[in-house]
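*Asks:* Kindly generate the complete structure, drawing on both the sequences and the hints.
Note that the sequence shown ends on residue 135 in the numbering used here; no numbers are left out.
Note that these hints are calculated values from the structure, not bench results.
A portion of the hints provided could be inaccurate.
In silico lysine-lysine, DSSO-like type, Cα no more than 27 Å apart, as pairs [said to hold, decoys possible]:
no., residue 1, residue 2
1, K53, K106
2, K16, K46
3, K32, K106
4, K13, K32
Predicted model, so just to flag it, every value in this text is computed and none were measured.
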Amino acid sequence: MNTDQIGGFLHEKGVKPSFQRIKVYEYLMNNKEHPTVENIYRDLIKEIPTLSKTTVYNSLNTFIEKGVVQAISIDGNEMRYDLYERRHGHFKCEVCGRIYDFLPPKEAYEELEALEGFLITDRQIYLKGVCKNCR
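*Replies:* See below:
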């Protein structure tokens, strides 16, 4: 997606596509490593000297509210961000710290649907262990 397409996409989702918001979204598209606010800020400040961490936080919170980005709580103390492209789970390697996306079996989500009378507002599958590169 180019800048105009990102702006159009954000507008369709109800997000006012400011220059900073487009850049934050573009960053998430190009960095699949599930960055933190600090990662995003550190990399974008080089390109946008007037950028503040508050703007990054506010942009991400707006994206979350509109359902285009999801926040991933890692180990209860580390918030990372991921585009909400399709249902997927996350695996964190306890050795190298890398976070991998994976597609869980369809049955994992079907079992959640069986919770009659419950309203599910968020679905996250998060696994920890040792990745194949560190084994």
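*Asks:* Now tell me, hint by hint, if it's right for this structure.
*Replies:* Results for each hint:
This hinted pair does not check out: K53 and K106 have alpha carbons roughly 38 Å apart, beyond 27 Å. Distance hint between K16 and K46 is fulfilled; the C-alpha atoms sit about 23 Å from each other, no more than 27 Å. Annotation: proposed proximity of K32 to K106 holds, straight-line Cα distance about 23 Å (limit 27 Å). Simply put, K13 and K32 have alpha-carbon atoms about 21 Å apart, close enough for the 27 Å limit, and the pair holds.
In summary, the one numbered hint that this structure violates is 1.
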